[in-house]
Amino acid sequence: MDQFQVETAQNVQIDHRVADLGQRMLAYIVDSIVIALYTIGVIYLLVSLEIDWGDMWALYLLGTLPAFMYYVLMETLTNGRTIGKSLVNIRVVRLDGTKPSFSGYFIRWLLRIIDVVLTSGGGAVLTILLRGHGQRIGDIAAGTTVINERKRLSIEEAFKSNLPEGYTPRFPQVTVLTDQDMDTIRDLFYSARRKGDHKVIISLADKIKELTGIQTDLTPMELVQVVINDFTYYTQQ
Numbered sequence: 008m009d010q011f012q013v014e015t016a017q018n019v020q021i022d023h024r025v026a027d028l029g030q031r032m033l034a035y036i037v038d039s040i041v042i043a044l045y046t047i048g049v050i051y052l053l054v055s056l057e058i059d060w061g062d063m064w065a066l067y068l069l070g071t072l073p074a075f076m077y078y079v080l081m082e083t084l085t086n087g088r089t090i091g092k093s094l095v096n097i098r099v100v101r102l103d104g105t106k107p108s109f110s111g112y113f114i115r116w117l118l119r120i121i122d123v124v125l126t127s128g129g130g131a132v133l134t135i136l137l138r139g140h141g142q143r144i145g146d147i148a149a150g151t152t153v154i155n156e157r158k159r160l161s162i163e164e165a166f167k168s169n170l171p172e173g174y175t176p177r178f179p180q181v182t183v184l185t186d187q188d189m190d191t192i193r194d195l196f197y198s199a200r201r202k203g204d205h206k207v208i209i210s211l212a213d214k215i216k217e218l219t220g221i222q223t224d225l226t227p228m229e230l231v232q233v234v235i236n237d238f239t240y241y242t243q244q
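Letter 26 of the sequence shown, counting from 1, is numbered 33 in the working numbering, and no numbers are missing.
Derived from the structure by calculation, the hints contain no laboratory data.
Incorrect hints may have been included.
Quick list of simulated restraints, FRET-style, between CB atoms [to be verified]: (1) 76 to 29: 24 to 30 Å; (2) 84 to 157: 54 to 60 Å; (3) 84 to 200: 18 to 24 Å.
Distance condition first, Cα-Cα at most 20 Å in a straight line; then the derived DMTMM-like pairs of lysine to aspartate or glutamate [what the hints assert, rightly or not]: (4) 214 to 190; (5) 106 to 190; (6) 202 to 217; (7) 106 to 188.
For glycine and all other residues, C-beta sits at the position ideal for the given N, C-alpha and C.
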């Protein structure tokens with residue numbers, strides 16, 4: 008599976024896995040079903056109202072506008088996801104790993120006409136296979152790609168996620184952190200620890216204290232590990 012690296016503000020490189028074609032095709036099928044069901048619902052509602060055909064046509068255009076702009080609206084409002092993308096754990100991001108701007112989402116959506124509509128998806132598939140980095144024409148123009156958010160735990164991370172029996176958490180404040188926060192913390196911590204980059208771990212510990220309000224005499228290394236363990240404990244309950 009194709010990968011690309013993103014360097015964080017702490018100068019730590021994080022690998023992102025590009026979503027494979029199977030995931031993107033499944034997401035497309037799900038989203039197409041959602042759009043079709045919504046459109047059918049609008050038509051059924053308009054027919055049931057028994058209004059003039061001229062008015063019905065205008066209302067149809069207005070009512071189906073969300074379906075027409077489904078991708079750009081959903082990706083903008085849900086951080087690069089659609090219903091289909093959420094189900095298969097993939098998301099649109101910029102090549103530097105950050106959230107795309109509205110213009111980025113709009114460019115991707117606009118170029119779907121070439122990528123998907125006019126070529127029945129063949130243009131998108133061919134470009135992704137030839138270009139790499141999971142980019143269709145719309146992605147190339149917008150500077151985006153689609154990543155696989157399903158985590159592959161390393162042996163070290165998998166071991167750490169299995170807490171000892173009777174584990175007692177120390178910091179209930181960790182519950183203010185989101186799953187995305189913890190994913191970032193784990194990525195940075197394990198990467199920095201492997202490389203012996205103590206500065207990153209100190210910065211990470213300081214950020215955790217800022218977000219959670221935790222006050223402790225633990226070393227930065229100890230604090231981050233305990234926070235990871237405590238978060239795992241609370242999310243497994």
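Check each numbered hint against the structure and report the violated ones by number, ascending. 2, 3, 6
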